[in-house]
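Undergrad: Construct the complete structure from the given sequences, taking the supplied hints into account.
Residue numbers (my numbering), protein chains in the order written: chain A, 1 to 385; chain B, 386 to 1078.
Read the hints as simulated data drawn from the structure, not as lab findings. Accuracy of the hints is not assured; some may be wrong.
[As the list claims (entries may be wrong)] In silico DSSO-like links for lysine-lysine, alpha-carbon gap of 30 Å or less:
1. B/Lys598 with B/Lys965
2. B/Lys828 with B/Lys423
3. B/Lys893 with B/Lys423
4. A/Lys74 with B/Lys828
5. B/Lys893 with B/Lys828
6. A/Lys74 with B/Lys893
7. B/Lys598 with A/Lys90
8. B/Lys965 with B/Lys893
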Amino acid sequence: MKRILRPRFAWVMPLLLLMTACAQDAPQDTLQPRGPIARDIDNLSDPVFLVAGVVFVIVEFGMLFLLWRFRARKDDDPDSAPAQIHGNTKIELGWTIGPALILTPIAFFTIVTVFAIQAKADDATMTVEVIGQQWWWEYRYDTDDDGEADIITANDLIIPAGQTIELDVQSRDVIHSFWIPALNGKKDAVPGRTQGLTVEADEPGTYVGQCGEFCGLSHSYMRQRLIALPESDFEDWAAHQREDAQMPTSGDALAGAELFQTTCSNCHLARGINDEQHADALEQNDGRVLTVPGSAPDLTHFASRGAFAGAMFNLWVTENPAGVVQWDEIGGELNREELEAWLRDPPGQKPMDAVLDSPDSRGMPNYNLSEDQIDLLIAFLETLD
Amino acid sequence: MAIVERPSPPALQLPAGPQVAPRPLGAFTRPSATTGWKSWLTTIDHKRIGIMYGASALFFFIIGGIEALLIRLQLTSPQGKLYSADLYNQLFTMHGVTMIFLVVMPLGAAFMNYLMPLQIGARDVAFPRLNAFSFWVFLFGGIFLNTSWFLGGGADGGWFAYAPNTGVTFSPGHGMDFYALGLQITGIASLVGSINLIVTVLNLRAPGMTLLKMPVFTWMGFVTQMLLVFAIPVISVALFLLTFDRLFGANFFNPAAGADPLLWEHLFWIFGHPEVYILILPAFGIVSEIIPVFSRKPIFGYPFMVASGIAIGFMGWGVWAHHMFASGIGPMSVAAFSLSTMFIAVPTGVKILNWMATMWGGRLRFTTPMLFAIGLVTMFTIGGLSGVTHAVAPADTQQTDTYYIVAHFHYVIFGGALFAFMGGFYFWWPKVFGYVLDDRWGKWHFWLQLIGFNLTFGPMHILGLQGMPRRQFTYLPGYGFEFWNRVATVGAFIIALSVLVFLINVTKSTRAHLANPVPVGPDPWDARSLEWMLPSPTPAHNFDTVPTVTHLDEFWHRKYQEDETGRVTRARPTDEVAQKGDAADVHLPSPSYWPIVMAAGLPLIAYGLIFNLGIAAVGGAIVLLGGFAWGLEPADDPERAHSHAAHGDGHGEGDGDGDGAGEGDGAGDGQESPEEPAAVAAGEGEGAEGDDS
Chain A
1 MKRILRPRFA WVMPLLLLMT ACAQDAPQDT LQPRGPIARD IDNLSDPVFL VAGVVFVIVE
61 FGMLFLLWRF RARKDDDPDS APAQIHGNTK IELGWTIGPA LILTPIAFFT IVTVFAIQAK
121 ADDATMTVEV IGQQWWWEYR YDTDDDGEAD IITANDLIIP AGQTIELDVQ SRDVIHSFWI
181 PALNGKKDAV PGRTQGLTVE ADEPGTYVGQ CGEFCGLSHS YMRQRLIALP ESDFEDWAAH
241 QREDAQMPTS GDALAGAELF QTTCSNCHLA RGINDEQHAD ALEQNDGRVL TVPGSAPDLT
301 HFASRGAFAG AMFNLWVTEN PAGVVQWDEI GGELNREELE AWLRDPPGQK PMDAVLDSPD
361 SRGMPNYNLS EDQIDLLIAF LETLD
Chain B
386 MAIVERPSPP ALQLPAGPQV APRPLGAFTR PSATTGWKSW LTTIDHKRIG IMYGASALFF
446 FIIGGIEALL IRLQLTSPQG KLYSADLYNQ LFTMHGVTMI FLVVMPLGAA FMNYLMPLQI
506 GARDVAFPRL NAFSFWVFLF GGIFLNTSWF LGGGADGGWF AYAPNTGVTF SPGHGMDFYA
566 LGLQITGIAS LVGSINLIVT VLNLRAPGMT LLKMPVFTWM GFVTQMLLVF AIPVISVALF
626 LLTFDRLFGA NFFNPAAGAD PLLWEHLFWI FGHPEVYILI LPAFGIVSEI IPVFSRKPIF
686 GYPFMVASGI AIGFMGWGVW AHHMFASGIG PMSVAAFSLS TMFIAVPTGV KILNWMATMW
746 GGRLRFTTPM LFAIGLVTMF TIGGLSGVTH AVAPADTQQT DTYYIVAHFH YVIFGGALFA
806 FMGGFYFWWP KVFGYVLDDR WGKWHFWLQL IGFNLTFGPM HILGLQGMPR RQFTYLPGYG
866 FEFWNRVATV GAFIIALSVL VFLINVTKST RAHLANPVPV GPDPWDARSL EWMLPSPTPA
926 HNFDTVPTVT HLDEFWHRKY QEDETGRVTR ARPTDEVAQK GDAADVHLPS PSYWPIVMAA
986 GLPLIAYGLI FNLGIAAVGG AIVLLGGFAW GLEPADDPER AHSHAAHGDG HGEGDGDGDG
1046 AGEGDGAGDG QESPEEPAAV AAGEGEGAEG DDS
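TA: Here it is, written out as structure tokens:
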């Protein structure tokens, strides 16, 4: 008995696509724009998905119809055949030109949107350098426009909400890609080039993304967070970030700071804490801090961030269902367990070819710290707010 | 002591008569075996080469499939710990490289090699030894690439191998050297093969077979070869630059020395986009053969089918930077490539609709090949539609490098090309091997594959749109990725089950045939093109008499008459139209050792470049000396191979074959074969003239 083809999942596909639009714990959802550029993209692609859906239905259900209507019957004469139609030029021209006509408005609006998004860069009130390297993101602000970066942070990109921000995306080693789906598509960070990505958040909030170009071992763990703040909060944040850290005066924090100076200065800088040691290390390494290896996040205000280790781990405990630390949770309860695990053995937590004292080391090596040393360091790091 | 004069052994007897082929050295005797495993190593028969391409591709398919299952196992749960990130990177890289270069391309080559000469009425390809060389180079290149697993690790930079991540600084192991050199080797196979098939199609068609009477499969194969001829040199250049960077300290892709990594991207994708049409066009051709046969109607709109294939071939060169919408190429380029990418959907859409129109008004028989062909039409449509959504460049900046892209290309490559190739196996199996594969097992294969495939890749559309990037060895919980990843893993194992069913089918059907051989006859499906006019399995010499062609679907028109309204009546029974396969003394090209010998030198050169230049020198010497031997071996061995080979039966007289030099000995015999009796050739469309024979 001849069985008729029934692609069982055909009708489910549009439904599934609908379902994704309503997902609650989908912080990287591309279908829930939270900024004007992402909304432009969404407004362009939604009708295109609709057209695709209609074509899908026509073709697939059309096929089902054909299979049912023209199936061979048992009593067909094997020596006969149906009318041998060789073609119909009019119809074929029709379905050559027809799809081209359907594509034309899509093409038109696509081009309009490409240039509209490009033009948004002109509205930028601020520029931030976004520099990717294996496997974390550095952010450099020049808030006083003197040509030199005065705020250098990592992992959390803080911007004022409701303003257009231009990101100068760069890389120090291989190709990465900076991407915050709620706000815009991605832009590759190509070594030797600077490329622009414009972002704007409608509302204050925390938006997350991941590196979008395969970059080696920890590509999966190279993440980024973007926090949009009300403008006055942003000004406060920026003013604080420009300040140096305060050297602790007593207790575990002081011991931790001294440990930091001796152990961590080869790669990390915390202004106000280990400027001298870091400069010495730079000299010894021939200024290699801007190339790999030897380069690591600036830790001056480490405890003002929501995440660490390339935003792989939360620095603070969070209630958020997707596990994304929110702005008001920063400075709350420390995520001590994961911070300890990291300091205990970074390559054990995050795949890296990181070997102590090796010139080819990539990422943070294992310093074989004792539990006491880890406790001291954490006591110190907590003061770097 | 009497001197006994014994006659020389037959092998040393020089033929009498005016044509005497010189025999410079005994070592250059051409091999004479036509049966046994050694004969496969020295064969230059396009049919055997096609079979070997197919078998090798299936072997690599199992390897690539296992790599896929391992990937899926790792991604079943968030933060899976099955293996290291390093091993995972090797797995997904090798999975991609294997499936594209060692499975889908050689599957296309298998069908094109076996069928194109038959469909145009030729005895073999233009350069039979070169054909064998292509195959062995491909096989040795594929094996070479996979030995990387045992020699320091597989390639780990992704199949697209973006610089500078694939340079020595960031990929210090040998894996990427195996990638660069391995693909360089397989590229030689494809390039050489493409020249071969282009010349074959242009020069060796049977009398009356104009280009526009060639079957659609041959046309799609021809466009594929034209794409290869121009695309492979581009990847060869890119791989040379990468090799020089990695092995000889060059700086083509070193940003610190001022290079732009986007150079690699451009070179790779200028190759890479035509490459995907190389993957799919043979599959489109296969579907264009299967659907008409099982609809009992000709392909709807043959000129549009041919023209759309050619259009895809040309337009495919103008879309490459749609892989680079997020790379920073600037809005002008983004807009231009967005447009070109949208409009390449038009010729593809024409094909989908023409296939459906072929089925309209037909009498549809749902055999296994037909199910797989319908599978391509329905699944490729989905992949094509998601492709159109990618063409909208702003949307693509969200979609690129996510699982939405992974879904798209698996729908077109697996749902498209692989479904068609499976259909092609079932369709042409009787022609190649002389028996059919079991149709009930075939249907189980089809349904399991269809369901497994959709369960695996359907959800990836959702994962991608929800923001799951690709090439990730793990993902975090709480982002909404868990459920669909689990579904996809289940689906992958159902696909594996379907492949198992296929292998069981092959085994069972073969055993049943060996135990109880029942001749399947030339034309089990009541098909339309010339290969079905020949006995099954195809005789070594292909055609007893080269047919004179007067129609598209020549074979069909010999069986049936068509009037102006397209009504059909049976003109002759099939066994009168089909050839018997019993022609004796058809001159065939001789087998040769040198293709496989020369091919063996290439991986030695590659190993040498990686490990020890001495090995490379040995490899180079083998290639060089093998090349000389190839050139100097006698074009004709007096002990020639014939389709009914019987040693020493005194056939030394020249068979009217004046061209003692060069290749293509047997293939260009069109003008020397006896012409077919006029009554056998198809009559005009109006009706048979005079009596039927």
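Undergrad: Which earlier hints can't be squared with this structure?
TA: 2
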